[in-house]
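Kindly produce the complete structure, drawing on both the sequences and the hints.
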Amino acid sequence: MLLSVQDLAVSFRVGKVNGNVERAGAVKGVTFDVPQNSTVALVGESGSGKSVTAMSIVGLLPENAECSGSVLWKQHELLASSADQLRAVRGREIACVFQDPMQSLNPVMTVGAQLVEPLRTHLGMNRRVARDRAIELLDEVGLPEPARRFDSYPHELSGGQQQRVMIAMALGCEPKLLIADEPTTALDVTVQRQILNLLASLKSARGMSLLFISHDLGLVGEIADHVVVMRHGEVREQGSTERIFSSPADNYTKALLACRPTLQDHVARLRVIDDHMRDAVAARPTAKPKDPEAPVVLEVRSLAKSFWSPRGLFRKSEFKAVRDVSFTLRKGHTLGVVGESGSGKTTMGLSLLRLHEPSAGQVIFDGQDLLTLTDRQRQVMRRRIQIVFQNPYASLNPRFTVGRTLVEPMEIHGIGKDLAAREARALDLLLRVGLDPSAFGKYPHEFSGGQRQRIAIARCLTLDPEVIVLDEAVSALDVSVQAQVLNLLKDLQDAFGFAYVFISHDLAVVRFMSDEVLVMKDGVVVEQASTETLLAAPKAAYTQALLAAIPRGAASVRS
Amino acid sequence: MSVTSVELEPAASQIHSEGVWRAAWRRFATDRIGVFAATIVITFLLLIAASALGFIAENWEAETGVPNARPHFLGPAPVVETSVIAMPSGPNADLTELDPLAPRYAEWDAQTKQYAVNETTKAQTLAFGGDWRGRDVLAKAVKGSEISVFVGVLAALVATLIGTVLGAISGFFGRRIGDLLEWIYNVFEAIPGILLIFAFAAVFGRGMISVVLILGLTGWTGLYRQVRAEFMKHGSREYVRAAEAIGASNTSRMFRHILPNVSHVVLVRMALLVVGFIKAEVILSYLGLGVGVDDVSWGTMLAEAQSDLIRGYWWQLAAATLSMAVFVTAFSLMTDAARDALDPKLRGLE
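Chains as they are written, first to last, in this note's numbering: chain A, 1 to 559; chain R, 1001 to 1350.
Worth flagging that the hints you see were computed from the coordinates, not collected in a lab. Warning: the hint list may mix true and false statements.
[Unchecked claim] Dumping the calculated DSSO-like pairs for lysine-lysine here, alpha-carbon to alpha-carbon at most 27 Å: (1) R:LYS1233 - A:LYS316; (2) A:LYS203 - A:LYS74; (3) A:LYS74 - A:LYS28; (4) R:LYS1233 - A:LYS320.
[Said to hold, decoys possible] Distance ranges between label pairs, derived from CB positions: (5) A:ASP491 - R:VAL1268: 24 to 32 Å; (6) R:SER1252 - A:ALA83: 50 to 58 Å; (7) R:THR1251 - A:ARG315: 31 to 39 Å; (8) A:ASP436 - R:SER1252: 23 to 31 Å; (9) A:GLN377 - R:SER1252: 13 to 21 Å; (10) R:VAL1268 - A:ALA541: 53 to 61 Å; (11) A:ALA420 - R:LYS1233: 32 to 40 Å; (12) R:THR1251 - A:THR533: 47 to 55 Å; (13) R:LYS1233 - A:ARG301: 32 to 40 Å; (14) R:LEU1046 - A:VAL14: 38 to 46 Å; (15) R:LYS1233 - A:ASP491: 31 to 39 Å; (16) A:ARG301 - R:ILE1177: 28 to 36 Å; (17) R:VAL1268 - A:ARG13: 26 to 34 Å.
Every residue, glycine too, gets a C-beta built ideally from N, C-alpha and C.
This is the structure:
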């Protein structure tokens, strides 16, 4: 056995109350093994203790952590090792790859310099040998033109290429175990697919083991041999990947498997963790078809947006972020916009609200072109088209209480006759989006991501909009929380008849939400069709590639 | 409900929406150190008001003690023998025959009797000692605070106001307006500070208000740069975008949304400016551009104290530095508490 974790418990000292040290338990007795040449996956939501478990293996926990139990690396106890012994193991025998490659690479050093450094310090290579080895490594992780990339800076590489560099760095000292902590979460689906393939091929080529950490069970199903499902610092279930996917024993595992929207079936509501934990396995109604003759609320004609960047002293170069986008949106319908980062989908969404000033085209809302309105007319229209942003941590003003956040838009637009009426309405909306009234006097940082996104949705609702642009509104959330928010959005649409513009990189989520889908690439719409048609018979090669890249762990094992 | 929900305590909730500044004030009131510091600052301000209105320290110029009188707690200066030759004993020699003025002594004595002599005995010790002219150091310190604090705080407020407003406009709007303000900033930065002060002094003339204006109009640049950077950073944040989406005006986004989020920069800078300006007033007075020669400020006291200190008369220096230290520390602590109060994330950590 390469690595054996026995009854590992980690707690953090969080402060002192009356002279007693307060501790917060993060991991409560976790046991699993990583055999030679195999992939073990730790799966759980944020706060499940999966990352803490991995970091305690290599001793990279913060000062205030206390560990107990045992971590055996080749029959050698790591928890009791000295800092020097640990350092010898870390990097040489166990290497780590983290979630965000942009954060992990030093922006002012070339990729090559960062690759060469561990080779020279750990393996004592000289400059020339280390350089050759580094280029070899870059080649091995599939970076095109490795000799040229050696002298690139991190910002000159794409996200996927940066993650490849991180993997090359981890492989430098030929580790026996690679710990990958959410290595693909920050990447696009097609790039995620490439990185997964790379990791799988490296594992078999080098005979090393992989400890793969992810919140996405579907993704894990593609790569792991053995799955450990964690929740609240405990192991809920572990077993071989086939067993977990074909006959999950634990309710929580079943819930995780079910709460992710799939491409196969079209349901009206997703099942959330709580349904499963209560064992309330309700029938899953299929979605009702929508009225195809509903009135058109938003019509967009050849919308375009360019950014200008200075070139030299007098010239400017044009970057066409969005080109010639047209669509119509009917009341109560949802338009899905799919694309990878840089495809212009977010720019398109922001242009609809004129948060970016579009360069050309028409946005016709209720017979008026939004782009030619005067400021005063525009203020009235603002009420009717609203937006929910991707990152619920950034889109709420941290200095405003939730109540203040909700009352402000009503004050600006004179909704409600006085403060009391507005506050009553705000409270009502809080209940509507599933929050407790006590949230009213609190600040955004006191809420989890899913709750914050509910607050952001409630802020939109204060203005009674007709169209809501959802810009990657659930992408930053855990799969289970994602399901709850998606259900909420559906419920609200049914209740109020909103039209959504649903922007996402995740086709499965878009399928769940949308009636019609726009697929964008490099600012251009490559395919536009109803959801069913698009999934059944994708025409554009890019759409086919997107569909193929979606992890379908459960399905691939079952079929 | 979310799976990772935080504990909701209905008891702690309050069902009304407070403004940012009012909520900050409520949090400030619970900060013991902040309130204590604020009390000291207010005491200083009251003292200043009292001395400006002439209730206390009105007679600071009266030479009530002997030169360099010692503080009460040290007792009077030991009498030092000034002469080495002993005074001869016995009656004075009669020189009447030799003295040509002798016949007129009686006449002069009669003349002097017509005037009433009112000789005040000068105190050997004063409450906190006296200066070289025997003026009460404590009264001087109180009177001096009037100018120093007034100049320091008011000039810092002027500079903060200019820096914040210009920085906010420049950082928020950018483009042409930003370029123009950057150009003005560069002009101010390019001229050596002391030269700029001379130029302003030449325009405004001498006096307390001109010192305030000079310091305020020259000292905003550093703050401007920092506020501008913060506004540029926050201007593109999603919460500001979200505010734009709900239709909040430019002014509202700048001063209601962004400003509370960058207020820590402004407050810390302002505390530093107050300290800097109190010292700058000293330099200005020294160069003859500050307050008049017949006025007193902590700065002029420090300037005098240099020569006193060499001769062992430390109390003037102590009085000026102590007052300055207490005020400046209290002011810094107060702005720190204000900074904390504006940050809801620190709530509950006190």
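Hints and how they fare:
Only pairs whose Cα atoms come within 27 Å are accepted, and LYS1233 (chain R) paired with LYS316 (chain A) is accepted, the gap being roughly 24 Å. With a C-alpha separation of about 19 Å, the suggested pairing of LYS203 (chain A) with LYS74 (chain A) holds against the 27 Å cut-off. For the hint linking LYS74 (chain A) to LYS28 (chain A), the alpha-carbon distance of about 23 Å falls within 27 Å, and the restraint holds. Proposed proximity of LYS1233 (chain R) and LYS320 (chain A) is supported: the alpha carbons are some 25 Å apart, at most 27 Å.
ASP491 (chain A) and VAL1268 (chain R) have their C-beta atoms about 47 Å apart, which leaves the hinted 24 to 32 Å range violated. Here the CB-CB span from SER1252 (chain R) to ALA83 (chain A) is close to 53 Å, well matched to the stated 50 to 58 Å. At about 36 Å, the beta-carbon gap between THR1251 (chain R) and ARG315 (chain A) stays in the expected band of 31 to 39 Å. Separation of ASP436 (chain A) from SER1252 (chain R) is about 29 Å and conforms to the stated range, judged on CB atoms against 23 to 31 Å.
At about 19 Å, the beta-carbon gap between GLN377 (chain A) and SER1252 (chain R) stays in the expected band of 13 to 21 Å. Under the hint 53 to 61 Å, the C-beta atoms of VAL1268 (chain R) and ALA541 (chain A), about 56 Å apart, fit the expected range. Distance hint for ALA420 (chain A) and LYS1233 (chain R): a CB-CB separation of about 37 Å, consistent with the stated range 32 to 40 Å. Taking 47 to 55 Å as the suggested C-beta distance range, the pair THR1251 (chain R) and THR533 (chain A) conforms, at roughly 49 Å.
About 36 Å separates the C-beta atoms of LYS1233 (chain R) and ARG301 (chain A), a value consistent with the hinted range of 32 to 40 Å. For the hinted restraint 38 to 46 Å between LEU1046 (chain R) and VAL14 (chain A), the CB-CB distance of approximately 43 Å keeps it satisfied. Between LYS1233 (chain R) and ASP491 (chain A) the C-beta distance comes to about 37 Å, which sits within the given range of 31 to 39 Å. Between ARG301 (chain A) and ILE1177 (chain R) the CB atoms are about 33 Å apart, so this pair conforms to the stated range of 28 to 36 Å.
For the pair VAL1268 (chain R) and ARG13 (chain A), the beta carbons lie near 30 Å from each other, so the given range of 26 to 34 Å is met.
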